[in-house]
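Asks: These are the residues of each chain, in order.
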Amino acid sequence: MAKVIHYYAHPGHRFSHANKAMWDAAQAVEGVTRVDLYANYPRHNINIDKEQKLLLDHDVIVFQFPIFWYSAPSLLKEWIDLTLEHGFAYGKDGDKLRGKWMMLAVTAAGPEDAYSEGGYQHFSLRTFLTPFEQTARLSKMRFAAPYVFHNALRADPGPHAAGFADLLSGLRDDRVDLEKAEAAECLYFDSIPSVLEGA
Amino acid sequence: MTDFLVLAFVFLVAGVAAVPIASRLGLGSVLGYLIAGVVISPILATLNVDVVAIQHFAEFGVVMMLFLVGLELEPKMLWQMRHRLLGLGGLQVGVTTALVMGVSMFFGLTWTVALACGLVLALSSTAIVLQTLNEKGLMKSDGGQASFSVLLFQDIAVIPMLALIPLLAMPEMSDVGTHVAGHGTEVVAESAQGDAHHDDHGDGHDEAHSDDHGGGHGMNINLVEGLPAWQATLATIAAIAGVVVGGAFLTTPAFRFVAMANLRELFVAMALMFVIGIALLMTLVGLSPALGTFLAGVVLANSEYRHELESDIDPFRGLLLGLFFMTVGAAVNFGVLFESFGLFLGLTLGLMALKALVLFGLAYIFKLRGGDKYLFGLGLAQAGEFGFVLLSFTVANNVIPQDIADQLLLVVALSMMLTPLLFILYEKVILPRVSGGEEKEPDEIDETGQIIIAGHGRFGGVVNRMMRSAGYETTVLDYSSVQLERLRRFGVKVFFGDATRADLLHAAGIHEARLLVVAIDERDAATEIVRHVKHEHSSLPIVARAVDRHHVYELYAAGADHIVRDTFDSAVRAGRSAYEEMGMHAFDAEMLSRAFVDDDRAMLAALASVYDPSVPVHENQEYLDKAKEFIDQRDDILSGKGEAFRMRTERGWTPPTKEDLKAEQEADQE
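So the protein lines, in turn, are chains A and B.
Under the UniProt record's numbering, the residues of the first sequence are numbered 1 to 199, in order.
Under the UniProt record's numbering, the residues of the second sequence are numbered 1 to 670, in order.
Next up, chain A with everything else stripped away, as it sits in the complex:
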């Protein structure tokens, strides 16, 4: 059993379709710590000590957020800036997160083919997420492929949301093959690498 913490960051939760569906589906998964960052810190006054303690208590850290302008909503950036501080996540004695897993669960408004050299986004989605990947690396964490939902404003979020709940419970029960997930480009609701499948 892995200890999973699920961070959610969406300033427009009320208007969200996909992320709201994911958040709601995740409520059914027991044994996972859930943090709604915008609910906890509506005024961006992050409690660093409390957040670091939470991180120490968990093995797998999942960030759920919509991609805004090729990055995370501002509060999550603020959270990273403050929580992953020197001496904790990096730098001298900054090895407190060593060996933990970081995973992103993101939604993108654009379709999958937009995120390619020929598409209008020009780069692959992973390219836009490299700051997070390198953040994990510098923090001595391992970075699993992101769980992605394309065309988020139009597509039916149902299967993706159910898949997210599966992913969380799988992480909790060590049913997700993280080695495989680390090697993958992106994960979708129908391509979560299962340990059982791999066996």
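Be careful, since some hints might not be right.
Unchecked claim - Pulled from the structure, derived: some chain A residues nowhere near chain B, Cβ distances all over 12 Å:
{"hint": "1", "residue": "A9"}
{"hint": "2", "residue": "R34"}
{"hint": "3", "residue": "P42"}
{"hint": "4", "residue": "D49"}
{"hint": "5", "residue": "D57"}
{"hint": "6", "residue": "L138"}
{"hint": "7", "residue": "P159"}
{"hint": "8", "residue": "A162"}
As the list claims (entries may be wrong) - Computed beta-carbon distance windows for the label pairs:
{"hint": "9", "chain 1": "B", "residue 1": "A259", "chain 2": "A", "residue 2": "A39", "range": "47 to 55 Å"}
{"hint": "10", "chain 1": "B", "residue 1": "H537", "chain 2": "A", "residue 2": "H44", "range": "35 to 43 Å"}
{"hint": "11", "chain 1": "B", "residue 1": "N302", "chain 2": "A", "residue 2": "M1", "range": "55 to 63 Å"}
{"hint": "12", "chain 1": "A", "residue 1": "A162", "chain 2": "B", "residue 2": "A259", "range": "53 to 61 Å"}
{"hint": "13", "chain 1": "A", "residue 1": "H44", "chain 2": "B", "residue 2": "D632", "range": "48 to 56 Å"}
{"hint": "14", "chain 1": "A", "residue 1": "H17", "chain 2": "B", "residue 2": "A595", "range": "17 to 25 Å"}
{"hint": "15", "chain 1": "A", "residue 1": "W69", "chain 2": "B", "residue 2": "R594", "range": "17 to 25 Å"}
{"hint": "16", "chain 1": "A", "residue 1": "A39", "chain 2": "B", "residue 2": "N302", "range": "39 to 47 Å"}
{"hint": "17", "chain 1": "A", "residue 1": "F15", "chain 2": "B", "residue 2": "N302", "range": "57 to 65 Å"}
{"hint": "18", "chain 1": "A", "residue 1": "E182", "chain 2": "B", "residue 2": "A602", "range": "45 to 53 Å"}
{"hint": "19", "chain 1": "B", "residue 1": "D632", "chain 2": "A", "residue 2": "A162", "range": "42 to 50 Å"}
Because the hints were derived from the structure by calculation, they are not lab data.
All C-beta atoms in this analysis are idealised placements derived from N, C-alpha and C, irrespective of residue type, glycine included.
Take the given structure of chain A and dock chain B to it, following the hints.
Replies: Same frame as chain A, but now just chain B:
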């Protein structure tokens, strides 16, 4: 029952009607009460009311007042006052007594009568002076402190006087009343009993039956009566020790016990019980109850229940003192007065001039300067309510003949009635004259900060704490001495003074300050400060606290740079909490309340720009139009028609509309 109700109604109507008018005219509450007393005296005469008896009852207000004064004084401060207490007080009583005695002998009185007159007239009115000083916020000024020292000394001096007076009795008068014994204490006790029996004769003035100021002769029971001197002394010391020790160790548990009942009125009962109990104890051992309760107040100055006691006792003090002042006014015998008006006026003015002269001399010796000198000299120039007590005591002891006592009584009452006028003279005439720079300031400002904060109440206090916690030096001005006293207890550096006075702001260093925060309660005064300072120092930024939106307009017109409504932000936070409690997501609640603030501020700014201080809002067409525009906009939002308010809240996170998506889809397909 009906008698009591009629009487209470008459007094209350008189007070309620007269005091607001007097205050409005700048005469102060004391003069208002005195005038009320004069006005109702014919009614009281018709009703056959024993005014003096009521007066003695009302004098308990003085006891309560001294208790409250004690509460404001820490023992440490009292100890610091000891030189002034003995020096100023002792000299004032001694010299005034000697001079009055000299004058009296010059007019042909025998030396014993003259000395008694001196003693009677040397005392000043604690009730009037302390009440006025408190009301005008002058207690903490140097003059106020000196006055207080003298009054306190007089309170103490009454005790030896009561012992001395019987010794002055003239043998040729002794056939009328009680015989004179050689022992002071015994005489005191006996005369008290004598007074009680004499209640039924005379015009009421000779009933020395005072329960509070009477010092040694207060009640019919006296524990030390008949005891040898050493035992009496021991009992007295034991009583004082009891008050000190009991006050220090028993009040807290007692209050906790009462608190268990969770009844507000029980606290009031407890506080009253406390004060009355101490007064009673002091009377039993032959001490002044005012002095005893004052001592108890000092002991409790550091108690956690100080404010509770203060607020519980205060209304009783106020009402009783008001009653007392009215009885002074009502007790003036106008028949006798007008018979020889010139004589009494001359005597009164002469007495007051003499006392003022002595006080000015002392002020000079004790280095009271400027306005303080005049406050001290004029404020204490009257004779006081102790005089009433001593006079009847002297008559009872055959020291002063009845006719002279009656005349002196009129002089005492007249001088008390003239005192509020002297305070007005001080305030309106002398104070503006002596404004010769540094002499005038009520509190010496020995430290000037970069930030001046005018008003240190609930609002300015927070600002001050924030500034100081960030390491800025602040200079705080406040004219509530009570407030300042509390702050000083917390080690906050504050100065007493009325920030509306330009010279005080100058003394506080306004010319070199970097910021002025105006946080005083009185809206008009706050606006006036802003207007004045902006005029004199146009580059100095001003953060001003507004009471409401109209005050915002006024401050805006006066030139304040930042205007903050004192309850608006906390109300917004309360609204945000209410949003959250209704199930709104915390961030949505935050965004919505921010939008509300922006909306409200936008409206306020727009309206402030069309506000004209000289035109009432309801006659300002431009203002009305603009306000209506905003109100319509609000209505649109409520009915779902308007977008302005909503857009500011939501557009940042609102996904594209269906139409947007359709257009995008078409673009994708092309």
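Asks: It remains to establish, for every hint, whether it holds in the given structure.
Replies: Here is what the structure says about each hint:
Not every CB of chain B lies more than 12 Å from the CB of A:A9, the least distance being 10 Å, so the non-interface label is violated. The non-interface label for A:R34 is consistent with chain B: the shortest C-beta to C-beta separation is roughly 14 Å, beyond 12 Å. The non-interface label for A:P42 is inconsistent with chain B: the shortest C-beta to C-beta separation is roughly 4 Å, within 12 Å. No Cβ of chain B approaches the Cβ of A:D49 within 12 Å, the least distance being about 20 Å, so the stated non-interface status holds.
Under the 12 Å C-beta cut-off, the non-interface status given to A:D57 relative to chain B holds; the minimum distance is some 23 Å. A cut-off of 12 Å between C-beta atoms confirms that A:L138 is not in contact with chain B; the least separation is 29 Å. Listed as a non-interface residue, A:P159 keeps its Cβ farther than 12 Å from every Cβ of chain B; the least gap is roughly 20 Å. Listed as outside the interface, A:A162 is consistent with that label: its C-beta sits roughly 22 Å from the nearest C-beta of chain B, beyond the 12 Å cut-off.
Between B:A259 and A:A39, the C-beta spacing of about 40 Å breaks the proposed range 47 to 55 Å. The given range of 35 to 43 Å is respected by B:H537 and A:H44, whose C-beta atoms sit roughly 37 Å from each other. Separation of B:N302 from A:M1 is about 59 Å and conforms to the stated range, judged on CB atoms against 55 to 63 Å. The hinted range of 53 to 61 Å is satisfied by A:A162 and B:A259, whose Cβ atoms lie roughly 59 Å apart.
One distance hint, 48 to 56 Å for the beta-carbon pair A:H44 and B:D632, is violated here, with the actual separation near 35 Å. One distance hint, 17 to 25 Å for the beta-carbon pair A:H17 and B:A595, holds here, with the actual separation near 23 Å. Our hint of 17 to 25 Å for A:W69 and B:R594 holds, since their Cβ atoms are close to 22 Å apart. For A:A39 and B:N302, the Cβ-Cβ distance of about 46 Å falls inside the hinted range of 39 to 47 Å, so the restraint holds.
Here the CB-CB span from A:F15 to B:N302 is close to 59 Å, well matched to the stated 57 to 65 Å. The hinted range of 45 to 53 Å is satisfied by A:E182 and B:A602, whose Cβ atoms lie roughly 52 Å apart. Distance hint for B:D632 and A:A162: a CB-CB separation of about 48 Å, consistent with the stated range 42 to 50 Å.
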